[in-house]
Amino acid sequence: MDALVNKRIKRVMKGDQDAFAEIVELYQHQLFQICYRMLGNRHEAEDIAQEAFTRAYVNIHTFDQNRKFSTWLYRIATNLCIDRIRKKKPDYHLDAEVRGTEGLNMYSKIANDEELPEEELMRMEVQERVQYEISRLPDKYRAAIVLKYIEELPLAEISEILDLPLGTVKTRIHRGREALRKQLSNL
Amino acid sequence: MMNACPEKVIRMMDDYLDGEISPSEEKELKDSLQNCSDCRKIYQELTKTIAYVQSASHVQAPPDFVQKTMAGLPKESQRVGVKRFMRHHPLMIAAALFVLLMSAAMMSSFSDDQQFAFTKQENLVVEGETVVVPAGQTVVGDITIRNGDLRVDGELEGDVTIVNGQYMASSGVINGEIEEIDQVFEWLWYTIKGTFQDAVSFFGGNDQSIDE
Ligand SMILES: [Zn+2]
Numbered sequence: 001m002d003a004l005v006n007k008r009i010k011r012v013m014k015g016d017q018d019a020f021a022e023i024v025e026l027y028q029h030q031l032f033q034i035c036y037r038m039l040g041n042r043h044e045a046e047d048i049a050q051e052a053f054t055r056a057y058v059n060i061h062t063f064d065q066n067r068k069f070s071t072w073l074y075r076i077a078t079n080l081c082i083d084r085i086r087k088k089k090p091d092y093h094l095d096a097e098v099r100g101t102e103g104l105n106m107y108s109k110i111a112n113d114e115e116l117p118e119e120e121l122m123r124m125e126v127q128e129r130v131q132y133e134i135s136r137l138p139d140k141y142r143a144a145i146v147l148k149y150i151e152e153l154p155l156a157e158i159s160e161i162l163d164l165p166l167g168t169v170k171t172r173i174h175r176g177r178e179a180l181r182k183q184l185s186n187l
Numbered sequence: 001m002m003n004a005c006p007e008k009v010i011r012m013m014d015d016y017l018d019g020e021i022s023p024s025e026e027k028e029l030k031d032s033l034q035n036c037s038d039c040r041k042i043y044q045e046l047t048k049t050i051a052y053v054q055s056a057s058h059v060q061a062p063p064d065f066v067q068k069t070m071a072g073l074p075k076e077s078q079r080v081g082v083k084r085f086m087r088h089h090p091l092m093i094a095a096a097l098f099v100l101l102m103s104a105a106m107m108s109s110f111s112d113d114q115q116f117a118f119t120k121q122e123n124l125v126v127e128g129e130t131v132v133v134p135a136g137q138t139v140v141g142d143i144t145i146r147n148g149d150l151r152v153d154g155e156l157e158g159d160v161t162i163v164n165g166q167y168m169a170s171s172g173v174i175n176g177e178i179e180e181i182d183q184v185f186e187w188l189w190y191t192i193k194g195t196f197q198d199a200v201s202f203f204g205g206n207d208q209s210i211d212e
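Chains as they are written, first to last, in our numbering: chain A, 1 to 187; chain B, 1 to 212.
Hints in this document: simulated from the structure, not taken from any laboratory. From the three backbone atoms N, C-alpha and C, an ideal C-beta is built for every residue, glycine too. Take the hints with a grain of salt, since some may be wrong.
[Claimed, not checked] Covered by chain A, per the in silico footprint, the following chain B stretches (three or more residues, Cβ under 8 Å): (1) 41 to 48; (2) 54 to 65; (3) 68 to 75.
Kindly generate the complete structure, drawing on both the sequences and the hints.
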């Protein structure tokens, strides 16, 4: 797969946009998934995933072909997500969806500020609740947990994506895991 | 009390869950879990937590994602435009090159340009002959670097032109175009293009015409 990807990247570097469309096709779901789990909302995830692909395209000649393309791409995306989380205003989501459809917006809106009341938590579906608790994690733990448990990437790759020493990645996963354990203990 | 459980057991649990525990410690961990119900509870909650997180259903990008992303890409890079211009107007290029190569002033200005130089922007740092956008900093504005390299650890909002140097793969973000001009020929071309653009704007045209 890496050889195929590299072939396409060489074409992209020569200005071939169709080759880039194939790259987007190949990675769209994984990239969207990372953004969605980090941000907890489809609109923002789509926005940031698109932005990540655009940056990859514009900066394609800075990609070192001896490395794994997905690592580089995920790194662009996680950086953008972390930026977005940090810049996020509490009332960002004016487009809150109706709960039960796509609807995690309402929760991610509140996520950064305050805890939901216990009875509200109890009414949530398990999936919804897990996403809510992930989005309550501090952004640095969140990235590590998403890459480790949702993307199921090896620690070494996570360390490359986050540009952190292996030890730091482990610490973040441990702390993120411990925080989730406490948050989910009543589930 | 859960807090009464030894740190070491917690550490071994983490190692175990990371898949990085030695056989002897694994045995020690199992003994601890058998002997202490609090340790056992923490361990069970942790494995349950992991199972919950992993069971989060996989979401998919919307059906029109590829098409939307492609439509949002910037137009072909300037370099491609320039190449096309060269392909379409070979005679003009030849004439322009001839005039330039004949020009002594031109050649001397090329050798004058062998020194390391760069556009000064706020927050830029220089390490030897490498211009650095430091981590955590944002530099706003276009940058041209001659005979030196660029590394971006932070964020750069602007276009980059590097003459006789390179952009070094780095972790930062560039919101703009990068153009590297390595060879004398390209440098000449860049100068021609600049001169040509100057001429065009002098006559009241605009830069678009050069890129079609
Ligand atoms: Zn114990």
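Each hint, compared with the structure:
no., hint, result
1, 41 to 48, "holds (count 4)"
2, 54 to 65, "holds (count 10)"
3, 68 to 75, "holds (count 6)"
No hint from the list above goes unmet by this structure.
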